[in-house]
Amino acid sequence: MSTETEAPTIKTEIPTDGQTAASDELPSKGVASPPVFTARDLTVYYGDFRAVGDVNLDIGEREITAFIGPSGCGKSTILRCFNRMNDLIDIARIEGSLLYHDIDLYDPEVDPVAVRRRIGMVFQKPNPFPKSIYDNVAYGPRIAGVKGSMDDLVEESLIGAGLWAEVKDRLGSSALGLSGGQQQRLCIARAIAVSPDVLLMDEPCSALDPIATGTIEELMKEMKNEYTIVIVTHNMQQAARVSDRTAFFTAEADEATGQRRGKLVEYDETSLIFSNPNDDRTEAYITGRFG
Amino acid sequence: MSNTAKTSATGRPSLGSLQKRRTADVKGQVFLGLLLLAVGLAVAMVLAVLFSVIVDGLDVLGSRLWSFLSNPSSSDPEKAGVVQGIRGSLLIAAIVSVVAFPIGIGAAIYLEEYAEDNTFTRLIEVAVRNLAGVPSIVYGLLGLAVFVQSLRGITGGSSVISGGLTLSLLVLPIVIITASEAIRAVPSSLSDGAYGLGATQWEVIRTQILPAALPGILTGAVLSIARALGEAAPLLVVGAAAFYTTGFQGFLDQFQGAFTALPMNVANFAKLPADNWAGHAAAASVVVLVVVFFINLVAIIARARITKKLGR
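Sequence order for the protein chains is A and B.
When you line the first sequence up against the numbering used here, it's residues 1 to 291, in that order.
When you line the second sequence up against the numbering used here, it's residues 292 to 603, in that order.
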């Protein structure tokens, strides 16, 4: 069903601020204010290893922002800062600042559990719980303390994830019996059942076939009306097809230690990144010359 | 089947190069043979044990099964039975379930989910593994010092409580190790998914990790019960009786009074002169095997039901 999607919507009209070269340094270029996330000099360490450093970018509200780049460039690591999933890794630590609206996400007063209820996540490998389809969707609301029947909420969430028609007659059967693409849409339904503000998607289609991928891409475009979406992807065509803005990360060997460290190279409107990148490394990557 | 096309002009692979090799794969066959031999020997030994106890015990079990199961110990070979041993073993299994399982599973959850991964934690893990290899008689000495002597007021000295607590200590490392491994085997994608929905650590453990680890934890629990039911040496040190008469017993005496267990019955029968007591030890062994088999069966059924409920 995705085959006829109007090829990457390369907008020809150059945004006005794109011509004022002076704004190139601004990470928030063109993002409608106020941004949902504001990262300033965001750096993540695993122990002594600096995994990705000095990331400056703003994420626009109700936009799809794609993080692309070769393996090891730190794009997933940055994504996992946005809902504090990195807290689960003992040795991970961050420097710099990350604002969610106006709140410092890493303020000691901020509860990561509350953060994750507002900022949902969909993972690379579909990971439904070994429960029924219904219980998967109801899991988030239940732990959030919602009592009583959740039939309506489950139905709404499954409709929102484009899965309702396929599963409405077998809500009680195990989620593990679904196909990979259905499982991933179930994970999306599960994430939106807690009415988050933002959805983080970490390579959500990398384990899926092209048809399931197309379905999820369509779904993302619809969900953009309600949610701010940040997606990490290895698939440049996917970034070009679905995203409004694209951040290109790369990994470069540190001169002193020889360790490969991630960095943000370029962040701009997707149409510009793919038609007229500023940086040679971005161009080399998107034209397939490396990575 | 005729090899007409050995090589074709176009350089395609010939049929011959893909045919099954005619020369025997000697090393592979020898290896396979050794493996089969190992399996065969293992099975043969188990069957030999089963066969010998059943044959030796058949005399007693065949002629007076019910009285053997329901009579207490006696000096008369025609009357002696193992009911005291069955009662003791079942009580010990109950005590181990109540004491060793909660403590062992709790320790495993702490070590796997809460404890920081540092030298101290690793030291504890190594210590637990080593404890699993300590000879059981050493646990018997510990039980004698702690439960029989120091805590006599509670345990009543050489009682089924002392025996059960001693065997709980003995199996505790096994429970911790198997539960730890079951918890560690739960895929992190499950806990990530729950954390990503805003679950607290306790909610993740309760709703995802423990249910997924339960079949493995249950397997470890059954193994440890079977181990506890088979031990005689620690009970000997703790003071299980070879022979005692059961007069009127108050409720507390059931737990604090003299006791024995099935392996003790086996050991005691085996010590008696063979001409009168031939077969009693073997018959008691069969009873032990049957009890352990039934406990295993219950656990396997429970495991299957849990697994089915989880939808795997």
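By construction, these hints were calculated from the structure, which means they are not laboratory data.
Because the structure is a prediction, the values reported are computed rather than measured.
One or more of the hints may lead you astray.
Unchecked claim - Here are the simulated DSS-like pairs of lysine-lysine, each with C-alpha atoms no more than 25 Å apart in a straight line:
id : chain 1 : residue 1 : chain 2 : residue 2
1  : B       : Lys318    : A       : Lys131
2  : A       : Lys125    : A       : Lys221
3  : A       : Lys168    : A       : Lys125
4  : A       : Lys125    : A       : Lys147
5  : A       : Lys125    : B       : Lys599
6  : A       : Lys224    : A       : Lys147
7  : A       : Lys168    : A       : Lys147
8  : A       : Lys131    : A       : Lys168
9  : B       : Lys370    : B       : Lys600
10 : A       : Lys147    : B       : Lys370
11 : A       : Lys224    : A       : Lys125
12 : B       : Lys311    : A       : Lys168
13 : B       : Lys562    : A       : Lys125
14 : A       : Lys168    : B       : Lys600
15 : A       : Lys131    : B       : Lys370
To be verified - If the Cβ cut is set under 10 Å, some of the chain A residues that face chain B in the computed set are:
id : residue
16 : Arg62
17 : Tyr106
18 : Val110
19 : Val113
20 : Val122
21 : Asn127
Beta carbons are placed, not taken as given, at the ideal position from N, Cα and C, and that holds for glycine.
How the hints compare with the structure:
no.	hint	result
1	B/Lys318 to A/Lys131	violated, 48 Å
2	A/Lys125 to A/Lys221	holds, 21 Å
3	A/Lys168 to A/Lys125	holds, 24 Å
4	A/Lys125 to A/Lys147	violated, 30 Å
5	A/Lys125 to B/Lys599	holds, 23 Å
6	A/Lys224 to A/Lys147	violated, 29 Å
7	A/Lys168 to A/Lys147	holds, 22 Å
8	A/Lys131 to A/Lys168	holds, 16 Å
9	B/Lys370 to B/Lys600	violated, 48 Å
10	A/Lys147 to B/Lys370	violated, 63 Å
11	A/Lys224 to A/Lys125	holds, 22 Å
12	B/Lys311 to A/Lys168	violated, 52 Å
13	B/Lys562 to A/Lys125	violated, 62 Å
14	A/Lys168 to B/Lys600	holds, 21 Å
15	A/Lys131 to B/Lys370	violated, 55 Å
16	Arg62	violated, 21 Å
17	Tyr106	violated, 17 Å
18	Val110	violated, 13 Å
19	Val113	holds, 5 Å
20	Val122	holds, 8 Å
21	Asn127	holds, 4 Å
Hint check: violations occur at hints 1, 4, 6, 9, 10, 12, 13, 15, 16, 17 and 18; the rest are consistent with the structure.
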